[in-house]
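Chains as they are written, first to last, in our numbering: chain A, 1 to 101; chain B, 1 to 158.
In case anyone wonders, no lab produced these hints; they're calculated from the structure. Take the hints with a grain of salt, since some may be wrong.
Simulated DEER-style distance windows between Cβ atoms [to be verified]: (1) B/Ala-11 / A/Ala-74: 15 to 25 Å; (2) A/Arg-96 / B/Glu-24: 33 to 43 Å; (3) A/Asp-29 / B/Pro-28: 17 to 27 Å.
Note that beta-carbon positions come from the ideal geometry of N, C-alpha and C, so glycine has one too.
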Amino acid sequence: MFTDAIQAAGGDAATYVEATVVETETLFDATVAELYNTTGGTMGDRSTLPPVVQGAYAANELRASFEIAGAQDAYPKGGEHDAIVEQVRATSQETRKWLPW
Amino acid sequence: MKRLTIHQLKAKAKRLWELLNKTERSIPGRSLNDDVRAMFGDLRRRDTWANAFAHFYAQITHNQCLDAWALITDGLNFGPHSEYQEFGDLIIDKFLAMPNGLSLLKMGLEQLLDIRLTQTWNEDVKDGILWLVERTSRAGGGATLPAANRPQLIGADC
Numbered sequence: 001m002f003t004d005a006i007q008a009a010g011g012d013a014a015t016y017v018e019a020t021v022v023e024t025e026t027l028f029d030a031t032v033a034e035l036y037n038t039t040g041g042t043m044g045d046r047s048t049l050p051p052v053v054q055g056a057y058a059a060n061e062l063r064a065s066f067e068i069a070g071a072q073d074a075y076p077k078g079g080e081h082d083a084i085v086e087q088v089r090a091t092s093q094e095t096r097k098w099l100p101w
Numbered sequence: 001m002k003r004l005t006i007h008q009l010k011a012k013a014k015r016l017w018e019l020l021n022k023t024e025r026s027i028p029g030r031s032l033n034d035d036v037r038a039m040f041g042d043l044r045r046r047d048t049w050a051n052a053f054a055h056f057y058a059q060i061t062h063n064q065c066l067d068a069w070a071l072i073t074d075g076l077n078f079g080p081h082s083e084y085q086e087f088g089d090l091i092i093d094k095f096l097a098m099p100n101g102l103s104l105l106k107m108g109l110e111q112l113l114d115i116r117l118t119q120t121w122n123e124d125v126k127d128g129i130l131w132l133v134e135r136t137s138r139a140g141g142g143a144t145l146p147a148a149n150r151p152q153l154i155g156a157d158c
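Given these sequences and hints, build the entire structure.
Written out as structure tokens, the structure is:
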């Protein structure tokens, strides 16, 4: 759903990569690599992350999907990548507020 | 799709380079031009910046891979409708040259075969990495993807 929302809003191949980097940094103060390393998970397979971490991602991406869908008509042509990344950052900052860490 | 200009390539390479510096926790004070010149050569040439863009792209995609399946549907999906299609082979070659490149792609395919896909994802896979694999195989005179292994397998209700 999250990848669909990004594509539908005009994101390109690089948008998802940057969105996940920004989302991870904002939710967990860590890079994707650091998150997998410190939790002992397997990079590329989020089902190996602790359930609470998976839940945080899932909740955040669900919310971000709706917010992107709602805002995408206002995204400037040619500026969709930046707008999507900033939206993901904003959503992640909101999600962070009610996470227990 | 319109060809990316050298200026557009520079801007995209710069963005990825900055993202890499952040995620690798690099010491500040690095210069993009110094790095690109040292690694790829003459800064006035378009293909210098094309190589830089492709390398940084492959690097960040490989080093910060949250979901392996997303490599195939999004991250490395450079089919005929992508503005990066011109660099698809180059990026995927660089990705595969990295330590976990092949295993991440394999992981991604396995994940895709285990989860339900929407019709949209099926089209993406068909036009993206599988299209590239087929085209590369044909160019090299090698085998094409057997019809039985084409995306119908993935699109089937799995």
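Comparing the hints with the structure gives:
Look at B/Ala-11 against A/Ala-74: about 23 Å separates their beta carbons, and that is inside 15 to 25 Å. Take A/Arg-96 and B/Glu-24: their Cβ atoms lie about 23 Å apart, and the range 33 to 43 Å is violated. Between A/Asp-29 and B/Pro-28 the Cβ separation comes to about 19 Å, which falls inside the hinted range of 17 to 27 Å.
Against the hints set out earlier in the document, a violation occurs for number 2 only.
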